[in-house]
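Chemist: Since chain G is already given, all that's left is putting chain D on it; use the hints.
Residue strings, one per chain:
There are 2 protein chains.
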Amino acid sequence: MKKIHIIGLGLLGGSFALALKKVKPEITFTGYDSNIDNQNDAKVLGIVGEIKENPDADTDVIILAVPANAISEILIKTLDSIGPDTLVIDFGSTKEALCNAVADHPKREQYLAGHPIAGTEYSGPKAAKEDLLDKKVFIICEMDKTNIHLKGMAYEILEALNMKLRFMNPDEHDKHLAFVSHLSHISSFMLGKTVLDKMEDEKNIFDMAGSGFASTVRLAKSSPAMWAPIMEENKKNILEAMSLYISNLSKFRDKIIADDYEGLYQEMLKINKIGDILNLEK
Amino acid sequence: MKKIHIIGLGLLGGSFALALKKVKPEITFTGYDSNIDNQNDAKVLGIVGEIKENPDADTDVIILAVPANAISEILIKTLDSIGPDTLVIDFGSTKEALCNAVADHPKREQYLAGHPIAGTEYSGPKAAKEDLLDKKVFIICEMDKTNIHLKGMAYEILEALNMKLRFMNPDEHDKHLAFVSHLSHISSFMLGKTVLDKMEDEKNIFDMAGSGFASTVRLAKSSPAMWAPIMEENKKNILEAMSLYISNLSKFRDKIIADDYEGLYQEMLKINKIGDILNLEK
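Line by line, the protein sequences are chains G and D.
Here UniProt numbering is used: the first sequence runs in plain steps of one and ends on residue 282.
Here UniProt numbering is used: the second sequence runs in plain steps of one and ends on residue 282.
Simulated from the structure, these hints should not be mistaken for lab results.
Computed from a predicted model, the values in this text were never measured in an experiment.
This list has only true hints and no planted wrong ones.
Below, in silico cross-link-like pairs of lysine to aspartate or glutamate (EDC-like), each with a Cα-Cα straight-line distance of 20 Å or less: (1) G/Lys-236 / D/Asp-259; (2) G/Lys-22 / G/Asp-41; (3) G/Lys-273 / D/Glu-200; (4) G/Lys-236 / D/Asp-254; (5) D/Lys-255 / G/Glu-232; (6) D/Lys-236 / G/Asp-254; (7) G/Lys-136 / D/Asp-207.
Interface residues of chain G toward chain D, partial, derived using beta-carbon atoms under 8 Å: (8) Ala-118; (9) Val-137; (10) His-176; (11) Leu-191; (12) Thr-194; (13) Phe-206; (14) Asp-207; (15) Ala-209; (16) Gly-212; (17) Arg-218; (18) Phe-252; (19) Arg-253; (20) Ile-271.
Not close to chain D: a few residues of chain G, all C-beta gaps over 10 Å, as computed: (21) Pro-25; (22) Lys-43; (23) Glu-50; (24) Glu-73; (25) Lys-126; (26) Lys-129; (27) Leu-150; (28) Gly-152; (29) Glu-156; (30) Glu-159.
Using N, Cα and C, we set each Cβ at its ideal position, and we do this for glycine too.
Chain G with its partners taken away, still in its complex shape:
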């Protein structure tokens, strides 16, 4: 593996390059981003050596790390133009629509549908961090549809990055992600909105916000340019997750209205279990 091209030089694409070039210094990185500032930052930060819209013909792997609603068009265009020895991997947060879009593409086997479970509330090449992907989960969908020889390059890269592989159907992926990632971003944004709407004095918010509020509202700093497209791509599952969330909130509110504090206590006690689950490996 000699050459990797990254389309989308933001937090994920940038962190990927920074981490991989450290363990595989022999690889040349080229890349492209539709935003000129990102292009310049990516060069200055050493994320890629050269900015070019079209990857060289001898590029081994092309990474798509653009917003979720932009991937399918770029993926199809990229598959159309590459030679037989190039693998395309995407890092999108939604997988079902994307896998459907290329299901019948003649070069389907040159594509690997991936999703690294990693991110921060910040975005752009300046937010990229060498250790962002380290020991994180990388989900692969429809693994069997990718050519076995090309797939070897993906495994080599993911192993070099210390990532843990998980395999899943695209629909299962999107459904789970709606609950365990997309919903928490929405709950956080709406918490931020509710507080901003109500507390006009920002100094009061700052003074009274303990570490608990800061933690719960952290994702409300996330990039709208990344998240609006995810809501578009995973609409069905996100709507289901939101309905259940709103219904749970309403039932909890009803218990408060009814002064059912023993019921509230018991319900919170059951939910405490989430702590054990998140500490599974500790």
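Modeler: Coordinates of chain D only, in the frame set by chain G:
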């Protein structure tokens, strides 16, 4: 100041004692907790030197760090029994009902209504940390109602702990706290519930949960014994905060249903401002 008695030897009461005895080693700490395990832990951890239900007559300051719905009864009983040189401070998360409960007490001026904005999702004396209160905000309500000489001891303690004082009416306090603290605990608990209800395979939750989910759901590990009483004490304001939160979620969902991704983008962009507010002093 020679003697402090702490009723409630959990996270807050314990952290208070650990921090203060470091900077004021001349003070003797006694205390009480209705839970026998907490009593033993507090002694072993050096939080108090002696467990006793009733403070000595020459106790300078009595701290009430018990669940919100237990404070008012203990506060009245304590005021009834103390001599004229003792100050009582409470650390409760709600203030209006409490201030009303003692408004006409003959020893009202021996009470200071306080609330340290500090905590973690853990509870009990073992969770106590020497630095929990360091540089945190301490809200004082109805400051004018406390005797000026006794108040001097509170200032001495809070300064020794590096705490930043803020002054507020009890109703204003409870309203703001409902939004900036109580609501985020509820949103976090309900997020945990929604994910637990839906994702039966706990390994999947663990694998797919990024740091964003962990951050948003962290407060769902909080103690029900602390939080059910807060919902009881601050019912009115919490219901208002929840209604606005649910309404914001519903409107956001409507935008997704209507495929109004530009509207979602613009709304999230506005909410991003919460990040600037939380970073005010950085």
